[in-house]
Amino acid sequence: MAGHRESARLVIDFLGLAKNYGSHAALAPLTLSVARGQMFGFLGPNGAGKTTTIRMLMGILVPSAGQVRIDGLDCQRDSTQVKQRVGYLPDNPVFYDYLRGREILQFIGEMHGLDAAQARSRTERLMDELALGEVAEEFAVNYSMGMKKKLGLACALIHDPAVLILDEPTNGLDPRAARDVQERLRLCAAAGTTVFLSTHLLDMAERLCTRIGIIHRGRLVATGSPQELKGGVAAGSTLEEVFLAVTDETALAAPREGAPDGPAA
Amino acid sequence: MSTQRAPASPLRAAGLLVRLRLLRLLNQASAAYGRRLGRGKSRAATPGKRRNRWMLTALVVVFMLFSFGNLARQSILNLHKALDVRADVRAGAAAGARGAVGPEGAAAAPAQPPAPATPRRIRGPALVPGTLSEPLSRGLAMEMSLLCVVVLLMSLGGREIAKPDWDLEWLVTLPLGMRTLLWSRLLERSLANPSGLLILLPAAVLVAWYAGLGWWAPAAGAAATLPLLLLTALGRTLIDTGLRLAVAPSNLRNLQAALSVLGVVMLYIAISTGTPSPPDFILDWARGFPRWMQLLPPGLAIDALDAPDPMALLRSAATLAGETALVLLLGVRLLQWQLRNGVVAASSRETARGAVASAAAGAAAPPGRAPRWFALGTPVQRRELRLLGRDRNFLIQTLVLPLVLVGSQLLLNGGIGGRAFSGASGFAGVSDSAIAMLAFGIAAYMLMLSAFQTINSEGEALWMLFTVPRTLDSILAEKARLWAAIALVYPALIFAAGIALTGHMGLELLGLACVVLVGVPIYSSIAVSLGVFGCDPLAQEVRTRIRPTFIYLYTLLSGLYTYAIFTSDWSQKLVLILLSALLAMALWQKARDELPYLLDPAAAPAATVSTADGLMAAMLFFVLQGAAALALADTTRPGDGGRLIVCYTFAGALTYALVRGVYWRSKTLGVPAMFGAKWRQALAAGAAGGGVAAAAGIGYLVAMRALAFSGDPIAETANALSRSVWLPLLLVVAAPLFEEFIFRGLIFGGLRRTWGALPSIGASAAVFAAVHPPLSMLPVFGLGLCAAWAYNRTRLLLAPTLTHAVYNGALVLYQMNA
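Read top to bottom, the protein sequences are chains H and C. For the first sequence, the working numbering begins at 84 and goes up steadily by one. For the second sequence, the working numbering begins at 54 and goes up steadily by one.
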C-alpha cells in the first residue's frame, strides 16, 4: 500500500533508463524520480544527453535499457496514455508548411480529443495569452525562433496536461517573453502541474526549479534542491560554480572517448 | 593590430566556389547511394565502406552517361531516317518537278538553292559518320535547343529555388567583388550541373561522332557543351535571382512545382525523338525549324561540330564564342542591376502580413469560419486536404503529375490509351481490361506519389504526431483511407469515359471495375506501409529522404495486381486479390512494428513472428517443391506418387528447418510451438476441429457428386496417390506438419498478433484456400477455419495438425470406399 502511495506521488520515474548509439553511450543508466507538482530543472553542457532523455520520455527514441514511467505508465509501451497526460515542447520545434499558427494549434487540440469548438476557443485563448494573437493567421514556418517556441508551448498546453516536458523552453525568446513564459510555468506548477525542463540558464533554474539534476556526458552527476546543491560544493557558492565544478572536464578521473557533442545536439 | 590579408584572387575564388559545389554534389551522391550500408550515424562508417560508395556513384554516372548517349544516338538515327531518307525519296520523286514538294517540304528543303550545301551527301537508312546533311543538322539544332530548354527548366525546377535559405545571402559576406562573385557563380553553376552535363554532353559528343570527328568527338563535344552550359546557367541565375527578389517563398515553391512539371513535359518531348517511333509533331518541328534559330548558340554548336572545312569551323566557333561572351556580359550586367538594392530575398513576413490583413478581414465576419464540409473526416484528413489545397507543389506532385506522366506517355508512345482517347472509332478496338488496367495504373501511380509519401510529407514536423495521444499507425490508417478515396476518382473518371466512348457497359466491365475498386484501397495500404520503410525522416537532405528500392518494390507489387486485372481466369483473379490483401496486411504489420523506431537513429524493432514471414515461407515451400520436382523429373517415372511425396517432404522439411534456423539465430519472439502444457486441450480442440472440417468436406464431395461434377481434383489426386503405400504418410503426417506450421503457426499467428481472432481466422483460411486448386477451395477454406480455430484455442501446433490429419484421413477413406 505504501509503495502504491509512493508511486502515486512520484510522477516521473526513471528506472535505469539508458541509451546507446552504437558503442557510444549517450545516456548511462539513469535512475531518478520527480514528484508530483515539482518543477525539475535538468541541467548539463551541450551534448550531455538532456535531449536524448527527453525524447525517450516522449517515445521518440527507444531506450536501449531500463524504462521511464509517467504516472506508473511505461513511456514506451503505454505511450498513448502517457501522451494524454503530457505536454511536450522540443528544443527546436519545426512546423508544417502552409499551415497557420492557429490551424496547427487547433489540429493538435483536436488530436488530443477536444471537439472543434473547444479546440477553437482554447486555441484563441492560448494564442492571446502567449502574445501570438497578432501572428495567428501567418504560416508558422515563417515565425521567428521565439514565436515558434511559443507556438510549441501552446501546443504543449492545449490539453491541460498534468506533466509538462520542456526542452529549453525560453531559448530564443526575448527577455520579456522569457519572463512571461517563466511566470506561466510558475502558475502551472502552483496549480499542481509537474514540470520537467532542460535549460542552460542557471539563474532561471535557480529561480524557478524546486529540484535540479545536473547531467554530464550521459551521467547524472548531481541532484538536489538549489540550496542543497550550493551547500554541497562550498558554503555560499553560486549555482554557476556548482555547475562548473561538477561538469569540469579535468576533474573527471578517466575521460571517456567520443565527441563532446552527442547526437542529441 | 591585425594583419590585413589580401582576399583570394577572382580566379582562385571562382575555383574555390566550383570546388565547394562539386564537393557538395559528391557528398550528396555518396549519401544517396551509400547510405543504406549502415543504419547508424556516420561515426560507424569505415573507410572500406566509403570506397564502395565511390564505386557505386561512378557506376551510376557511367550508366546514366551510357543511357543518355544511347538515347542521343537513337535520336540522331531517327532524325536521319525521318529527314534524310524521306527527303531523299522526295528529292528522287521531285527530280523533274519541284512544285510537287509538299507544303512542309517547301518550308524546309528548297530554301537553300543547291549551291554550297549540296555537296553534303544524302544517304540511305544507315548513317555513316561523315558530314551531316543540311536537314539533319537543322533537326539536330532543334533537338539541341530543346535540350537546352530542358536543362534550364530542370535546373529551375530543382529544389534549390524552394529552399528558404538563399546561398547568395552568405556568399556576399565573403571578401569578393560582386562581379567576381557573379562570374564565379555562373562558372560554378555551369560546371557543377550534373543533369545539364548528362543531357547535353552525350548529345554533343554523338553529333560530333556522326559528323565524322572520330576520337576527337568527346573533346569537341565537351567544347561545344561548355558555352551552352554557361548560357543555361546564366538563364537560371537571372530567373532565380529575379524570383527570389520578387516572390515570397511559399509562392516560390508553387512556382517551382509548375516549373518542374514543365521540365518533365519538355524532357519527354525532347527525348521522344529517341524513342522507337517518334511522334509526328516533333518531326514536323525538326523539318520546320526556322533558319534564324540555327544562328542561336545551340544551332551554332551543331554547325561548329559539323563544319565541313576549317574556315566554316572558325566561322561557327567564333560566332558561338562571341554570342556567348556578349550574352554573358549583358547577363552579368543585368544581374548586377537586379542586385542593386542588396541581396535580400523578398521577405515572406511582409507578404504574409498582406495576406493576413485580408484573411483577418474575412475571418472577422463569422465565428464559425470553417465551411460546412470541412467538418468531414478526421482532423488528420482535414489537415491533409488543407495542405493539398494550399501547397501547389504537393497538389501538382500528387494529383496532376500522374495525369501528366501517363498522358504524355500515351500521347508520345501511342499505346492503348493513345488509341483509347484519339476518338470513339479507335476506342472500339480497346478491350475492357485495357481500360481497367489504365484506370488502376493511374490510381496506383497516384498512390505512389501520395500514400507512399505519408511519412515523408510530414517532414521535420513529424515530432508533432509523437506528442498526441494516438498511435502512429492509426493516424497512418486515416491517411491511407483518405488517399484511397482520392485515388478512386481517377478510375471512376476513366471508366466513365470508357463507357461514354464505347457506348456499352457489359458485365465484364463492371466486374473489372469492382476489381479496381477493391485494388485501390489495398494498394493505398501497401503504399503507406512501404512508405514507412521507403522514407528516412532523419535524413538531412530532401532528396535522400526517399529510398528508391521501396518505390521499385511498390511498382512491382502493383504489376502483380495489374495481372489480376489482365487475366481472364476468375479464380486467378480471386487468388491474386486475396494474396494482395494478405500482403497488405503483412506489410502493414511490419510497418506498425517499425513505427515506434522511426525517429530513433540507432534502435530497431525486435524480431517477432509476422505474417510476412509466413508468406515468404509459403512461397519458399512452393518454389522448393517445384525445384525438387524438376530435379527428379527424369530419374523417376512420370505420375508416380512416390516422387510427389519425396518432393513434398523435401520442400516441407527444408522450409521448416530454414525458418526454424533463422528464428533461432535471430532470437525471434513468438515462434509457434508444437507441444506444451495444454496438450490435452489441444488434442481435444484438434479432434473437434477435424471432425467438423471432415464432415463439411465429405458433405461437399457428396454434393459435388450429386451435381455430377465428375473428376474433381480431390478424387483425382486421391486415386493417383492411392496406389502408393506412402499415401497415408503424406496426407496424415507430412502435409499437416508442414502446412500447419506455415499457415497456422506463421500466417495466422502473425495476423493474430495485430488483428482480432475472427479477421485473422478468416484471412488465414482464405489464403490457405487460395493456394489450392479451384474446385477444392471451398472445403479447404472450411478446413482452414477449423484449424485456425483449434490453434487459437491453445496456441499449440498440435491442435491444427491433428485437425488437418483427421480431415485428410477422413476424406481419403471416403474416396477409397466410394
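It should be emphasised that the hints constitute simulated quantities derived from the structure, not laboratory data. Don't be surprised by glycine CBs; every beta carbon is placed ideally from N, CA and C. It is possible that part of the hints are untrue.
[To be verified] Simulated DEER-style distance windows between Cβ atoms:
1. GLN389/C / ASP211/H: 44 to 54 Å
2. ASP198/H / GLY809/C: 23 to 33 Å
3. GLY314/H / GLY809/C: 56 to 66 Å
4. GLY314/H / PHE586/C: 29 to 39 Å
5. GLY196/H / GLN389/C: 56 to 66 Å
6. PRO654/C / ALA274/H: 50 to 60 Å
7. SER308/H / PRO654/C: 53 to 63 Å
8. ASP211/H / LEU429/C: 25 to 35 Å
9. LEU227/C / ASP198/H: 54 to 64 Å
10. GLY714/C / SER227/H: 50 to 60 Å
11. GLY105/H / PHE586/C: 15 to 25 Å
12. GLY105/H / LYS216/C: 25 to 35 Å
13. GLY809/C / GLY196/H: 49 to 59 Å
14. LEU448/C / GLU217/H: 21 to 31 Å
[Unchecked claim] Pulled from the structure, derived: some chain H residues nowhere near chain C, Cβ distances all over 12 Å:
15. GLY120
16. ALA239
17. ARG259
18. ARG269
19. ALA272
20. ARG302
21. ALA305
22. GLN310
[Unchecked claim] Covered stretches of chain H, as calculated for chain C (at least 3 residues, CB under 8 Å):
23. 102 to 112
24. 121 to 135
25. 154 to 164
26. 274 to 286
Contradicted hints - numbers only: 4, 6, 7, 13, 16, 24 and 26
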